[in-house]
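Chains as they are written, first to last, in the working numbering: chain A, 1 to 143; chain B, 144 to 222.
Among the hints, erroneous ones may be present.
To be verified - In silico lysine to any residue, SDA-like type, Cα no more than 20 Å apart, as pairs:
{"hint": "1", "chain 1": "A", "residue 1": "Lys-129", "chain 2": "B", "residue 2": "Met-192"}
{"hint": "2", "chain 1": "A", "residue 1": "Lys-121", "chain 2": "B", "residue 2": "Val-200"}
{"hint": "3", "chain 1": "B", "residue 1": "Lys-218", "chain 2": "A", "residue 2": "Gln-16"}
{"hint": "4", "chain 1": "A", "residue 1": "Lys-121", "chain 2": "B", "residue 2": "Leu-189"}
{"hint": "5", "chain 1": "A", "residue 1": "Lys-121", "chain 2": "B", "residue 2": "Cys-191"}
{"hint": "6", "chain 1": "A", "residue 1": "Lys-129", "chain 2": "B", "residue 2": "Val-200"}
For the record, the hints were derived by calculation from the structure and aren't laboratory data.
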Amino acid sequence: MSDLTAVRLQTEDFSQDAEIAALKASSKRMGGIATFLGCARDFSEGREVSTIGFEAYGAMALSEMQQLRLDAIAKFELLDARIVHRIATVTAGDNIVFIAAGAEHRVAALAACHWMIDELKLRVPIWKKESTPQGDAWVVPHP
Amino acid sequence: MIQVLFFGPVADRVGQSALSVDYQPELRLQDVRDTLAVRYPQAFALVCMTAVNGQHVRDGAMLLPDHSEVTFMAKFSGG
Chain A
1 MSDLTAVRLQ
11 TEDFSQDAEI
21 AALKASSKRM
31 GGIATFLGCA
41 RDFSEGREVS
51 TIGFEAYGAM
61 ALSEMQQLRL
71 DAIAKFELLD
81 ARIVHRIATV
91 TAGDNIVFIA
101 AGAEHRVAAL
111 AACHWMIDEL
121 KLRVPIWKKE
131 STPQGDAWVV
141 PHP
Chain B
144 MIQVLFFGPV
154 ADRVGQSALS
164 VDYQPELRLQ
174 DVRDTLAVRY
184 PQAFALVCMT
194 AVNGQHVRDG
204 AMLLPDHSEV
214 TFMAKFSGG
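Using the sequences and the hints given, assemble the complete structure.
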C-alpha cells in the first residue's frame, strides 16, 4: 500500500487499465474494485464548452489527495486505492480524474469510491475554468 | 515576510498569483486577511477557505510565524 504512484497530479492522460492493474497487483485478496472516471463535457449550465482548464495549488492538492487515500483505506478497510487527477487544458471527452477502490467485497469498494470523489471535491485545492463562446468562466461548484 | 498565494478565480481578481506581507510579531491570520480584503474586495468576496503552509486553517486568530505561506482560496471545483 506504499505505491508512490498511487496518488498523482499530472498533465498527461492516464490509462484506466494500467491503474486497475496496479491496484490489483497490490493484493490477491481483492474481490471488488470500484472505479470513478470523471471526463470533460461539451455543455455546461446551458452553454457550449470548448475547453476546460485546471489549476491546482499543487503541493497542497497532492498532500490532500494522499491523505484522502489513507483516510479511505482506513474508513472502508480497503486493500488499496488510487487517485489520479489531470492538471491540464482538456476538451470534450477527455479524461480528468480517476479513482479506484479495491476491497475484499463490493460494498466497501463502491462506498469508498463514491466517498473519495465527493471528498476530493471538498478537500483538494483544484479549480476549473470553462471556455465558452460567451467567454471564460471559473466553475461554481455544485453540491 | 509572509508569502501570500492566490489561485484560480481569486488570482484572476487580485491580478497576480502571489504577493508578500511584512512580518511583525503577533501577526494573526485574520490581520492579513483583513488588510488584503480591503485592498482586493472583489477577490476576497470569493474566499471561503484558507491554508497556512499547505494545511487548511479555520482559526483566524492563528499567529503566523515569519516566512509562513498563506493561501486564500475560493471553493474548489476539481474532479
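Okay, the hints, checked on the actual structure:
Taking the CA atoms of Lys-129/A and Met-192/B, the gap is near 19 Å; set against the 20 Å cutoff, the hint holds. This hinted pair checks out: Lys-121/A and Val-200/B have alpha carbons roughly 18 Å apart, not beyond 20 Å. A C-alpha spacing of about 28 Å is found between Lys-218/B and Gln-16/A, which places the hinted pair above 20 Å, so the restraint is violated. In summary, the hint linking Lys-121/A to Leu-189/B is supported, as the alpha carbons are separated by about 17 Å, within the 20 Å threshold.
Using a Cα cut-off of 20 Å, the hinted pair Lys-121/A and Cys-191/B holds, with the two alpha carbons roughly 14 Å apart. A distance of roughly 25 Å separates the Cα atoms of Lys-129/A and Val-200/B; the hinted pair therefore is violated under the 20 Å criterion.
Of the numbered hints stated above, those contradicted by the structure are hints 3 and 6, listed in ascending order.
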